[in-house]
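All residue numbers for the sequence shown refer to the numbering used here, where the first residue is 25 and numbers rise by one.
Watch out, some of these pointers could steer you wrong.
Here are the in silico distance ranges between beta carbons for each label pair [said to hold, decoys possible]:
id : residue 1 : residue 2 : range
1  : L603      : R662      : 23 to 33 angstroms
2  : L34       : A733      : 39 to 49 angstroms
3  : T336      : A733      : 52 to 62 angstroms
4  : A483      : D141      : 14 to 24 angstroms
5  : L260      : G74       : 32 to 42 angstroms
These aren't lab readings, by the way, just hints derived from the structure by calculation.
Heads up, the beta-carbon is just placed ideally off N, CA and C, and yes, glycines get one too.
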Amino acid sequence: MFLVSGLSLLLLMYVGFGEAQRTYQQFHIEKLAAQARVVQNAMATFLRPGLPMRQFVGFATLTEPILASDQAIAAMTAFDRRGHPIFVSGVETIALLPANAATSSSEAKSYELRKNDQYFQVILPLQSRFEPVGNLAITMPRSVVTERVQASFQPLLFTAIGLSAAFALFASIAAPRLRNRRAPWLQIVYGLTFLVMAAAVIGTLISLYSDGAQAKTKALANSLGQRLSDIVEFNLNINEIYGLDRTFGDYSRLNPDISAAGLSVNGVTLIHTDAGQVGRPWVTSNLTYEYVVHLTPPGSVRDIRVAVAVPTNVVLRRIVRSVKNFTALFVASAFLAGLFLQLAGSVQRSHDREDLSGSDPFGQGDDDAALDLVKPVFFVAVFLEHLNYAFLPQFMYQVVATAGLSEGYASAPFMAYYLCFALALIPSGHFAQHKSARPLMYVGLALAGAGLMIMAVWADFYFMLLARSISGIGQGMLFIGVQSYILTMASPDKKTRGAAIIVLGFQGGMISGMAVGSLLVAYMGPMGIFNLSGMIAFILALYAIFVVPVARRPAQTGIHVGFTLGQLAGNLGRVLRSLDFLKTMFLIGIPAKAVLTGVVIFALPLILAQREYAQEDIGQIIMIYAAGVVLASTYVSRLVDRTGQTYAILFWGAAISGVGLLLIGLIDLSPSGVGATSSMLVTATLIVGVATLGIAHGFINAPVVTHVADSELATKIGASSLTATYRFLERLGHIAGPIIIGQLFLLWGQNASILAWVGVAILLCGLLFLFPAFPGQGKTANRETV
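All chains, please: the whole structure from these sequences, using the hints.
Right, here's the structure in full:
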């Protein structure tokens, strides 16, 4: 129990640490950019007519007060177009950092950030009216950020250890006594433990972010104060100095976060960015971080002060984002912890039985223990696969661009994965039926891990194609292995529980993987995620070898795989002559799977990344889809079991799916346009669309299997054979989805409006599904009025 809670809390702490480092760093980067813009603005006036940069006078006068007021700055340097320094203040040996993969820029930010292992460097362009003439660079050591963040998070490590130990103590002492209570006390206490740790992390973040916002305010105020110090020193009349109000206005214009900046003499405001405040006493607001610089010593006749204020909601916005990320992480941790708490309880009960009886704790008769032990295999495998889905489409586009190939090739690795997954099902099913399911689990995990490790080592398109193919084969083998193992080990009255392991394992693994992967990629990078996933897959393969009990061996029938393929071919021949089956397949099943892989997994991350959604936001939006599927499946499955009616359910699934896609397509109508931050209304529409799509697929996933199993064709060839054939053919949708969307993007660009047209097509499929398969054909038994 200590390990389960400890890993969850350390993951929370790691994400919080990365969030703190990224955001606290951003405060400092924005501070550097704000200070550099003042110098850039002054130099632009000189350079605009086309005068040589070397003839600019006053670089030291502008920059030295900034360096004097902010000890975090190492240097400010003006470089020419060839990267040679022209003017330097501070450390003269710091060169212009090269533009590389660590470079980031934004049109909205108007600056470029370059970094290496030692420095952050903010680059602002210097240009004349005719052409660029050079760059202005302001440099800060990385240690300014890392040392402050590490000092704040060190106490949290001991907090995490203490909370984990307390939870483990509760689990070992109190949990056995509460095992028969109706309330899930173990899960409740785990949730409280997580929330206490989250509160500690959020408190640390508030302190850090407040410090970062105030550091920016202080730096701007000190910079202004340094520029005005000569006026005060020579006792000049401030009212007679022309252009001071414009200086304050420039500070406010160049730094949008500033809510107010002004100068007061003896408590009366002489200059203010809000003209209405001039002549009034300076008023401090509780809604701002304010920093005041005293330009005159205490006791002077004139009390001259410069004040700069930044609104507190600058910090609040960052805290809200962190809370949102922790909420997503809490959901993911709840799935993972619930799984492993159950596993730990099962192991403990099995060992208790062993101590009492002296028998094998995982004997053949212990179905519950076997099912609990196999749960992590499938759940974690799905979790590992979905760790990379929030960024994989963008990553593949980059790989394709680096290889100099057409953008249409970006969908090929996705197609290869799903194709190999489907092809692995038949031989894996034959092996599981006539040999053993357990080897399929650990060999499948090893192959899935190998595919991920290949992606981490070789960022080449053809290696990516190979890696995704290997992972597809591995995941296909694993799926059949787990499914067959459950059917073999579960007693007749536990079959439904065994099926739930597959359903909840997939959806829970998808939700958890999306949440954790989208957060970790910001700190580890894609290659780090691939490496981590691959290593965990290999560890899980060892778990399958040494921990998962050996299943009961199937009867040795000696049937060759060719016989299995022949059976499949025979079933295919029969189902392809059934128009009702084909209608269900091509109007409901395949379109739903094509939307899953083509829209949710492939297109949506690309479109959101293009609109500059943060990586964690992309993963969390896709999480909403999976949550919608789980929520709808829970209620719809019960409704279908109770009524036996599937036609209306499947129709409404297709119709609601089309509506969801139409809502997603509406984000292209946003006036913000591509490349701008989407408005809250557009984001809300997007979330509703994704949730609607997930709910719609909850109307389809399970009911479509019931619909097929209850059809007239099932009475002729058997429900098991028909549903197995349907499941195999359904994979055509998985394969086709990325190909179709990739080609549409190639022809008409990465536009959300394409998804709206896909929604129209899905709606038409739903309407066509209502019509009889063939004039005069008998109605299916469960056809009802829609």
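Verification of the hints:
no.: 1; hint: L603 / R662: 23 to 33 angstroms; result: holds, 30 angstroms
no.: 2; hint: L34 / A733: 39 to 49 angstroms; result: holds, 45 angstroms
no.: 3; hint: T336 / A733: 52 to 62 angstroms; result: holds, 60 angstroms
no.: 4; hint: A483 / D141: 14 to 24 angstroms; result: holds, 21 angstroms
no.: 5; hint: L260 / G74: 32 to 42 angstroms; result: holds, 34 angstroms
Checked against the numbered hints given earlier, the structure satisfies every one of them.
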